[in-house]
Amino acid sequence: MRIIDAVVVGLFCMSVVFAVLVVLWGAVAAFGRLIRFLEASPLGPGRGTGAGR
Amino acid sequence: MTSFWDTLSELFASSGYANLTWQALVMIAVAGVLLYLAIVKQFEPLLLLPIAFGVLLANLPLGGLIHPEFYSSGTIDFDLVFHSGGLLDILYLGVKLGVYPCLIFLGIGAMTDFGPLLARPSSLVMGAGAQFGIAAAFIIAIAIGFEPNVAASIAIIGGADGPTAIFLTSRLAPAYLAPIAIAAYSYMALIPLIQPPIMKLMTTQKEREIVMTQPGEPSKIQRITFPVLVAVLVILLLPSVAPLIGMLMLGNLFREAGVVERLSETSQNALINIVTIFLSLTVGATAVGSQFLRPQTLGIIALGLAAFAFSTFGGLLIGKVMCLLTRGKINPLIGSAGVSAVPMAARVSQVEGQKANPANFLLMHAMGPNVAGVIGSAVAAGVLLSLFG
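Those sequence lines, one after another, are chains D and Z.
Sequential numbering of the first sequence, starting at 90, is according to the numbering used here.
Sequential numbering of the second sequence, starting at 3, is according to the numbering used here.
Don't read these hints as lab results, they were simulated from the structure.
There's no promise every hint is true.
[As the list claims (entries may be wrong)] If you want the footprint, here are the derived chain D segments under chain Z, 3+ residues with CB under 8 Å:
(1) 93–99
(2) 117–123
[What the hints assert, rightly or not] Lysine to any residue pairs mimicking SDA-like chemistry, simulated, CA-CA at most 20 Å apart:
(3) K222(Z) / R125(D)
(4) K222(Z) / S130(D)
(5) K222(Z) / L132(D)
(6) K322(Z) / S130(D)
Ideal Cβ positions, reconstructed from N, Cα and C, are used throughout, including at glycine.
The following block holds chain Z by itself, in its conformation from the complex (with noise of 0.2 Å):
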């Protein structure tokens, strides 16, 4: 008889409830709070679904899916990766070797339509302007401390594209993955509730309500053409975004192209939806409760919010700017959409320039800001991988 309670004991010992902690318990409750926003909430469902499962998958103690302590260290040692490895552990190696974030750019290449952008190749300077909060979020995150490759790593939050925050923290920062991954998605769900404050602040009743007129459709020749100029012109002057923009550009030339119909429906559609679960689902599993749970995240959490904001003013700013210099054909609201986040920023613009004017439909004029964002947050991630790569 004693010796089946010993076998009990043993067992439970040998159980992941013996071997709790109550970092891996305030963990399982983070990742309960973020499947309540994903489901309940319908936050960005399809990223904060399998990040939150990860995170909850790998807080469970003894699962062995994951095992952060592996990519501690500067190299990748494949072998005891291989040998000693879990599932996720295989995995991660697509987010620790930059695979998956250029995979999915491919996939945003081949969904986005540059046609406003060619339309107004102006909107790229608004692209430009809304990555204003990457510079300004740097210096703060200096200024309370952080090392110039962690304030690197926060500051592309500012930048509002997922993809380009985890290729460039899985480069510079990678201990810092999960709270700036989940960062970045969180507030790329709250755009419709960060930005329309600002918008209001920024810009008077009569700029919202400009009405502006529909520029020209741009040419098939201009389209096809377009992906394979960009890719040229960026990677010649930035190589360091050269897997990103790369990917980008080919998915778009699939797009484009009009032969390649296969490719292009297998970039926008299946490959993007099963590289989005590996990559969500390995991110959120890097979010083991001894390193997520500690002051630096909430910093995080406060710079990320802080860069979004700035981004939005940067863009805003240059809105008006350009609202100036054509006296008036510009409505300054198509600048906030200039942070990544497509379509949801170009969304915002549509609505606050709708509650301001009734018969104004901004939507088209912001997806040229919007998908300028794409590649200023792009070339933004390329300069500072260039400076603390």
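This is chain D alone, in the form it adopts within the complex (with noise of 0.2 Å):
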């Protein structure tokens, strides 16, 4: 394998594990807040039990 062809191999390694983890930033923070607004929503724990009278 010829450098040049190493360096593409190794931008290219880089590239995707940059990807995967910015798509996993991107869905456990989303994620993170559709679940505290569920949770301060009328569909939260306790809502709608009386539980919190």
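Hints in hand, dock the two standalone chains.
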């Protein structure tokens, strides 16, 4: 394998790692917000059961 | 009387003493050094001690515990292994088939608290940056003249994750398993020596003094859904990492679900301990003198160090970028914890942070990039496996 090919492989590897982890970042952050929103909404735990009274 | 001496002579000739080669003697000395490092210096003793004893056992002639030649071809002759193999040949199947690293990942998942990562999801980017050493070491290894599959196996040392390194090497370059595993675990033990000079070089005193605010605590639902979310997203994106990420996330679900205490307990204690014994012993046993003592081994050891250094550099670089983007709210020292090596790398960030500012407590902040690094190195291994497997 030529060095230039190795550089391409190295950059590709790093790009995929970054892409996967950035997708995860977005998903985890979005999911966290969704869960916090649902917990604060009438659908949240204890809501509608009279537990808060 | 003559026959008595003949018998003695034959006995000696058939003993291991008469069959000792210089390579075996050197490897016995190497085993002695590794045992010293494990017992006296306490360098990763849980791993290094069984590895060292495996090296010792494999290099005592005629013991017949392991036959590396059984595995030199690409395929496994199970008939040969089960009928003519020794104890370690049978145990080595778990390495060769990639079973042990995945079971270790199950235990690591059960032991890992992803809370700091959930509290600050941006840590994932630092975990990605700290895989830079993998790319850098791969390029250098190719430049030196290693074959691409071997270069990829050497490069994964930069992921600072033993099971991942073993998983990838057992598939891409099994003949290099021993030097790569020994280099990976040795450098992990040496992280407190390798990282601080690079951390000081890459950061200013002012940056090291930054005190980070405590992020909110993730909810129980977030903790439970995280392993399912990661497994689905990552495995769909990169199917080749399914064994590692799948087991890691299953272990974490055992921990967080709260309904399978016994499974969680077993995964993080008994199971991981048993598998660690089998894995370390058999990996050490692959270090047979004739294969281990070659110039490439020195190259692997040097490249492993370069990979660790570049990974630390990459993590710190992303840490500095995050520090800039957040206007000084993130201490760049936590970036270096993005090399996996849980929790050693996070401890180094804590120690360096406290040296700069005694009121600084970076440990929990550094655990985010640290556990992100485990996912990052598994993803990198999956990419390399897809390319060269």
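* Hints not upheld, ascending by number -> Of the numbered hints given earlier, the structure breaks just one, which is hint 6.
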